[in-house]
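Protein chains in written order, with my numbering: chain E, 524 to 834; chain V, 34 to 284; chain W, 183 to 519.
Honestly, the hints are just simulated from the structure, not real lab data. One or more of the hints may lead you astray.
[Claimed, not checked] Here are the computed lysine-lysine pairs in the BS3-like style, where the Cα-Cα straight-line distance is at most 27 Å:
{"id": "1", "chain 1": "E", "residue 1": "K798", "chain 2": "W", "residue 2": "K321"}
{"id": "2", "chain 1": "W", "residue 1": "K379", "chain 2": "W", "residue 2": "K480"}
{"id": "3", "chain 1": "W", "residue 1": "K419", "chain 2": "W", "residue 2": "K480"}
{"id": "4", "chain 1": "W", "residue 1": "K321", "chain 2": "W", "residue 2": "K419"}
{"id": "5", "chain 1": "E", "residue 1": "K655", "chain 2": "E", "residue 2": "K691"}
{"id": "6", "chain 1": "W", "residue 1": "K379", "chain 2": "E", "residue 2": "K824"}
Here are the chains, one letter per residue:
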Amino acid sequence: MSLELLIVQLLNGLQYGVLLFLLAAGLTLVFGIMNFVNLAHGSLYMMGAYFAAWAYNNSVFGIQGSFVFAAFVGIAGSLVLGIVIERVVLFTLYERDHLDQVLATFGLILVLNEVARFIWGPSSYYMEVPDKLSGTISLFGIAYPSYRFMIIAVGLLVALGTYLLIQKTRIGMLIRAGASNATMVGALGVNIKLLNTLLFGLGSALAGVAGLMAGPILSVQPGMGEPILIVTLVVIVTGGIGSIRGAFYAALIVGVIDTIGRVFLPIVLSSLVEKSLAQAAGPAIASMLIYLLMAVVLAFKPQGLFPVKHG
Amino acid sequence: MSALLSIDKLVKRFGGLTATDHVDFAVAPGEVHAIIGPNGAGKTTLISQLAGELHPDEGSIHFDGRDISRATVPERSLLGLGRSYQISQIFRDFTALQNVMLAVQAHAGHSFSFFRPALREAALLEPARAALTQVGLANRMHVPAAAMAHGEHRQLELAMTLAISPKLLLLDEPMAGMSQAESEEMVQLLKGLKGQYGIVLVEHDMDAVFALADRVSVLVYGRIIACGTPDEIRNNPDVKDAYLGDQEEAV
Amino acid sequence: MDKATNWSSPRFYVPAIVLLGLALLPVYSMVAGQPFYVTLFSRIMIFALAALGLNLILGYGGLVSFGHALYLGVGAYAVGILSFHGITNGWVHLAAALGIGIVTASLIGTIVLRTSGMTFIMITLAFAQMGYFFVVSLKAYGGDDGLTIDNRSSMVLFDLSNHTVLYYAILVCLAGVFLVFTRLIGSRFGMVLRGVKSNERRMLALGFPTFRYKLVGYVISAQVCVLAGFFLANLTKFASPSYMVWQVSGDLIVMAVLGGMGTLFGPVIGAILYLVVEEFLSSLNPGWFPKVEDVLNKHWLALMGLFVILMVLGFRKGLYGYLVEREQKKLEKRAQS
């Protein structure tokens, strides 16, 4: 168990964590304000990856192989798709009970996964890491993949930007007020529908960013959105629904614990119990860590780590 | 005579707002003690703390010789504290009879019975029918609650509270939303209950308060500013300033 | 409702007709020379059983569990793992499955039932996913690829390796659970569950410690899914993590709602409809529009998805539920006059 391995895995955990934050931010805010969970959020992440990969691999408006252009297409695509979905399907569900919302978004996931499968086929759609980022950079004396470092940097920048938006601007203040008491904000004359559509668009764009960045290192395939969506749900429940701060800390904690746990738990375990048991139990327990964490947090703080106080 | 219910220096804060400000309050067995006060005075907050839905920050609540400050809502109900809500909390999917039978069932032992049809149990049917008859809904027993009028909901609300054979009733605006005629009927009904139960009555309807109450406490901004017989309260200058001043026609 | 069985009520004749139809199916299948129908409807009945179990807490308790497929996995892997280690007695399989089921459901139920609303839905989903990853990580038992089972559970008294015997075993359990539930719904326990769904705040104020009843309801409904899982492993001779994925949990909810989640038999109707349509769309091949049919075969899930969305926006009561509601309205009119 070397220090170098620990640092690399910590960085990987951080990288996973910022991806989770990008997904969690949009989801938790929409839930906080409209009391609506869009389970199809993972599909927007998937579409961001697909749009970006497609733009990168094909000649679009004469441009091909440009990561920046691909990123732009990925973000724009998921933004537009998110807003279209919200205006056409989701807005009818705001007044409905949670079962209806869950069923409708479940149906939406099925449709979107099949659309992706229809257009791009069932197997992984490959997007390579762009040349300029395919090397390593030196961090704390260790060689760490540049691409993953970029993800961390972008993720933290976006987190900072979101924080500034939410805490320091008028729009942000309206969003925070809405998360605390949506009816009141509506009564004050603010167009809560427009606010929500904007918020939804922002969340979709963030999901798209996460998807396009994840594309080259994970596999782009139909259904890729749901596993990470479920972890995102763990993040927002643990962090406190409606809370950006909670989403940020919980995302990093979940990302790090999951990554470190998978790598180190089998090792730690084999020094405590005999090898074959450790080899069997290690991965099994590691796979459950983040859910056990959520359960423990809920046992002591049922509203999450940083709950939003409701007016 | 020891009090059936007594509250000692109860405090409840919500952030910077003190909704319940060192309230002392007592109800003797068989007494009707009304709480009046302007909107926002904290009456429902107080009732919620008595019922157990809210926990006070300071102070204690004693009921029937026991300290129930930490008791859960179901525990208080089983000890004999019955509550009716300002906004009717009934089971809309069930008939009036089924509503009240559920209330009876809550106090008729445990409910881990999986095969016997509950709706045919005489032990549940008879007390339920009796409670419905008592509140005047005898001929509406098989009507689904969702199909009943608002006034009937208030009667049903009371029937459910009576069906659990409580020692003390917490009535939160039982006449809310009722017409003049319906209110008068409800007052007659409540008069018939006097002496059998201790009653905490939160009401805006001053006619009802003065007709029913043995004692009246006035709650303003979370504090009890006066407590006495209805006549004493009617003539209290502080009360007139703070509250009854706008209610001249009602008195 | 507390009167004797009304023979003309859809509550009676629909289950009677369907169960009779299911009982006669193997005969039809033999006559038509299509043994495949027995396998198809065995699978349909397994999911009908699971949906029936889920609906105890979904339709009657108001608890939207998006993680009941976990218990299908518990049942299936109890069979798989014990068979792997040479234990082939089906009664042992069943006892182990139900035993693990009670422990798992009690633990998970104790955690998830502290939450409500959307949070409840999300964490039931999360715990089912946890179960999925746990099973995938068990490399010794096949991991991602699943676990092949050499022989069906030996029930000593009867032989499940005969497809027809297995079929009737499932049917008997389906009918049995349905009948038990009809009593359960009208019992004191059932009334508490229904009261909690209708107005939990009032239930607490009346004096019911609702948590313990919700937990028992959750465990009972999970056990029915465990039983379904036991049969699933026997039918396919395979235990797979794919039995526990989130889509399966979602499918169970869709089946319950499609048939009518406010009724007991609705989920059975919903399961039959859902899986028959799935079978139809995915193997449709009369050759009229080959290209369209090909797309349908591969992407029928999109149609199902669209259908679910339309169902939510349109007919929420479900087909059987609609029939029952019509009868209900007639009864109410009679009571009011």
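Here's how the hints hold up against the structure:
1. Our distance criterion of 27 Å between C-alpha atoms is met by K798(E) and K321(W), whose separation comes to about 15 Å.
2. Distance hint between K379(W) and K480(W) is unfulfilled; the C-alpha atoms sit about 40 Å from each other, more than 27 Å.
3. At roughly 25 Å between alpha-carbon atoms, K419(W) and K480(W) fall within 27 Å of each other, so this suggested pair holds.
4. Between K321(W) and K419(W) the CA atoms are separated by roughly 18 Å; this keeps the pair inside 27 Å, and the hint holds.
5. For the hint pairing K655(E) with K691(E), the CA-to-CA distance comes to about 35 Å; that exceeds 27 Å, so the pair is violated.
6. Restraint check: the Cα-Cα separation between K379(W) and K824(E) comes to about 25 Å, which is no more than 27 Å; the hinted pair holds.
Violation of the numbered hints given earlier is confined to hints 2 and 5; the remaining hints are satisfied by the structure.
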